[in-house]
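So the chains spell out like this:
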Amino acid sequence: MRRTLDLINNRTVEFSTLALAEPAPEPIAEIDANFLTQLFVSKSPDGRTPLNGSLELTARCNLTCQHCYINEPANDRVARSKEMTTEQIRRIIDEIVEEGGLFLTLTGGEVMLRPDFREIYLYARQKGLLVTIFTNATLVTTKIADFLAEYPPVALEISIYGYTEETYELVTGIKGSHAKFMRGIQLLHERGLNMVIKTVIMTLNQHEFEDMKQFAESVGASFGYDTAIFARLDGGQQPCGLRVSSEKVVELDLADPTNACEIAEAFESQTEAVKSDDLYRCGAGLNTWHITAYGEMAVCTISKTVDYNLKEGHFGEAWNGPIKEMRQRKKSEVFSKCRTCQVKEYCMLCPAKATLESGNPEFHIEFFCSVAELRAQVLGGKRQPITLVEKSSLTFIDKSNNSQAATACSCH
Amino acid sequence: MQNDPIYKKSSAVVSRLLKPETLILPLKAGSVNLNQVYLLNETAGRIWELLDGQRSVSTIVELITQEFEVSTNEVEADFEKLVSDLQQLNILEEVAN
Chain A
2 MRRTLDLINN RTVEFSTLAL AEPAPEPIAE IDANFLTQLF VSKSPDGRTP LNGSLELTAR
62 CNLTCQHCYI NEPANDRVAR SKEMTTEQIR RIIDEIVEEG GLFLTLTGGE VMLRPDFREI
122 YLYARQKGLL VTIFTNATLV TTKIADFLAE YPPVALEISI YGYTEETYEL VTGIKGSHAK
182 FMRGIQLLHE RGLNMVIKTV IMTLNQHEFE DMKQFAESVG ASFGYDTAIF ARLDGGQQPC
242 GLRVSSEKVV ELDLADPTNA CEIAEAFESQ TEAVKSDDLY RCGAGLNTWH ITAYGEMAVC
302 TISKTVDYNL KEGHFGEAWN GPIKEMRQRK KSEVFSKCRT CQVKEYCMLC PAKATLESGN
362 PEFHIEFFCS VAELRAQVLG GKRQPITLVE KSSLTFIDKS NNSQAATACS CH
Chain B
693 MQNDPIYKKS SAVVSRLLKP ETLILPLKAG SVNLNQVYLL NETAGRIWEL LDGQRSVSTI
753 VELITQEFEV STNEVEADFE KLVSDLQQLN ILEEVAN
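Going down the list, the sequences are from chains A and B.
Here my numbering is used: the first residue of the first sequence is 2, the next is one more, and so on.
Here my numbering is used: the first residue of the second sequence is 693, the next is one more, and so on.
Treat the hints as calculated values from the structure; they're not laboratory data.
Note that CB positions come from ideal geometry on N, CA and C, so glycine has one too.
Be aware that one or more of the hints could be misleading.
[Claimed, not checked] Computed list of lysine to any residue pairs in SDA-like fashion (alpha-carbon distance at most 20 Å, straight line): (1) B:Lys711 - A:Thr38; (2) A:Lys305 - A:Ser223; (3) A:Lys128 - B:Ser750.
[To be verified] Just so you have them, the derived chain B footprint on chain A, three or more residues with Cβ under 8 Å: (4) 37-48; (5) 148-160; (6) 346-356.
[To be verified] Pair ranges (Cβ atoms, derived): (7) B:Glu786 - A:Arg119: 45 to 55 Å; (8) A:Asp227 - B:Glu772: 16 to 26 Å; (9) A:Leu255 - B:Val787: 55 to 65 Å; (10) B:Gln746 - A:Asp308: 41 to 51 Å; (11) A:Thr143 - B:Glu759: 46 to 56 Å; (12) A:Glu99 - B:Ser776: 31 to 41 Å; (13) A:Ser270 - B:Thr764: 46 to 56 Å; (14) A:Phe36 - B:Gln746: 31 to 41 Å.
Required output: the full structure, derived from the provided sequences and hints.
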């Protein structure tokens with residue numbers, strides 16, 4: 002049978018049929034990511050494909066940040082002995098590519114604690130993965146900066162913990178870490194690497210928000226922040242005490258009008274998604290995944306791992322087995338306050354965060370409730386009371402009654 | 693073709709098969725645009741695969757004419773255009789004889 006020689010006969014401008022597609026007009030990370038996503042997803046009959054994932058190279062870190070959900074001591078021999086070997090990681094990367102992965106985030110802990118960091122990074126790039134690196138930049142050397150300049154990642158996302166040395170080291174707990182951070186940034190900036198400098202806003206550094214933002218701009222970096230702090234993977238609840246007030250969260254939302262509009266639109270876009278009976282409403286297990294430093298697999302960075310270890314198994318087997326099952330989980334029929342919440346599209350809580358803090362994926366957490374409530378009022382201009390009536394052993398919503406005798410949660 | 697050059701892929705890019713297309717992604721700074729990804733359809737992808745620094749143009753053209761059952765003249769003209777496009781993007785290099 003004669004096969005069509007599209008190269009010769011078809012030079013339409015449609016991307017998918019071009020012999021040589023038109024170069025993308027914008028950087029990959031900003032524009033092409035959408036096209037590539039569609040292209041990769043289109044290869045899967047049900048739209049479920051392991052497009053985007055994170056690979057944790059180590060849970061160890063040279064910093065001891067108070068808000069961190071994962072950090073183990075840098076010299077923790079037990080943690081180190083459990084980590085995947087270079088060869089295991091290379092084999093898993095092969096499997097990720099084989100299954101249709103495209104975007105890979107190398108994360109930690111601090112990825113540069115591993116002596117094979119560069120080898121793993123380059124291997125992933127050579128296999129055709131678009132790699133983002135998460136780092137605190139304190140271990141960046143001339144050698145590493147030169148290497149990254151030669152093989153630039155799609156994105157280099159660097160955490161900043163405070164603008165002043167005092168605040169930075171109050172968070173990290175390591176004397177001298179601020180100077181190392183500044184040195185790392187300098188080395189990367191001198192080589193023209195595109196950086197995203199991002200921070201978690203907490204009680205310890207909230208007063209330096211603008212300074213951190215201006216610092217990022219001064220080195221040509223994009224700036225990002227997050228106010229979501231969650232419990233540690235080992236069950237520790239101490240990070241939660243560092244959350245800023247809901248008023249502060251919304252104040253930051255509104256600080257930049259463009260940002261405020263984008264946030265409002267992002268929340269509004271969740272209106273339909275929150276009505277689903279699916280436990281997960283994000284891409285977890287649908288197009289995203291996470292692999293821990295010890296070879297365990299999960300639907301996202303902070304979710305509970307499934308009972309499958311990639312050290313002995315195969316990525317595809319996990320993706321099509323336990324990860325798929327995790328993704329297909331439905332909300333329980335048992336009453337949960339979140340289930341009846343009227344402003345849930347404004348809520349940052351997810352099953353993974355709820356599990357970390359309460360052990361229950363559907364349990365509400367007051368901090369997230371109060372932020373959602375305030376965001377709904379300020380960004381969405383809505384506030385709808387919910388009334389509950391007790392019936393047998395279960396609690397149901399009585400939508401016909403608007404009295405506020407009982408409340409579901411503060412996110413109503 | 694009067695000359696019979698040999699071409700090889702630039703080491704500054706990597707490619708992966710995404711059936712039926714082939715994706716070409718940037719790897720190394722220097723000569724290529726790091727912000728752009730290219731997509732080749734099945735036929736162009738097959739040619740890309742054959743541009744291995746070993747096979748000459750005439751050899752590749754012959755293989756393509758056989759595989760796709762088209763005339764040599766048909767292949768040659770568009771083959772040259774494809775090679776020219778790839779060279780302009782600095783992702784294909786001619787190997788010195």
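Here is what the structure says about each hint:
Distance restraint check for B:Lys711 and A:Thr38: the Cα-Cα separation of roughly 15 Å lies within the 20 Å cut-off, and the hinted pair is therefore satisfied. The suggested pairing of A:Lys305 with A:Ser223 is violated, with an alpha-carbon distance near 31 Å, which exceeds 20 Å. This hinted pair does not check out: A:Lys128 and B:Ser750 have alpha carbons roughly 30 Å apart, beyond 20 Å. Under the rule that three or more residues need a Cβ within less than 8 Å of chain B, the assignment of the segment 37-48 of chain A holds, with 4 such residues.
Counting residues of the segment 148-160 of chain A whose C-beta lies closer than 8 Å to any C-beta of chain B gives 4; at least three are required, and the coverage claim holds. For the segment 346-356 of chain A, the stated coverage by chain B is violated: 0 residues have a C-beta nearer than 8 Å to a C-beta of that chain, whereas at least 3 were required. Taking the beta carbon of each, B:Glu786 and A:Arg119 are about 31 Å apart, not inside 45 to 55 Å as hinted. As the Cβ distance of A:Asp227 to B:Glu772 is approximately 52 Å, the hint placing it in 16 to 26 Å is violated.
Distance hint for A:Leu255 and B:Val787: a CB-CB separation of about 60 Å, consistent with the stated range 55 to 65 Å. For B:Gln746 paired with A:Asp308, a C-beta distance near 48 Å keeps the hint of 41 to 51 Å intact. Taking the beta carbon of each, A:Thr143 and B:Glu759 are about 49 Å apart, inside 46 to 56 Å as hinted. Checking the proposed 31 to 41 Å range against A:Glu99 and B:Ser776 shows it holds: the Cβ atoms sit about 33 Å from each other.
Checking the proposed 46 to 56 Å range against A:Ser270 and B:Thr764 shows it holds: the Cβ atoms sit about 54 Å from each other. Take A:Phe36 and B:Gln746: their Cβ atoms lie about 33 Å apart, and the range 31 to 41 Å holds.
Of the numbered hints listed earlier, those contradicted by the structure are 2, 3, 6, 7 and 8.
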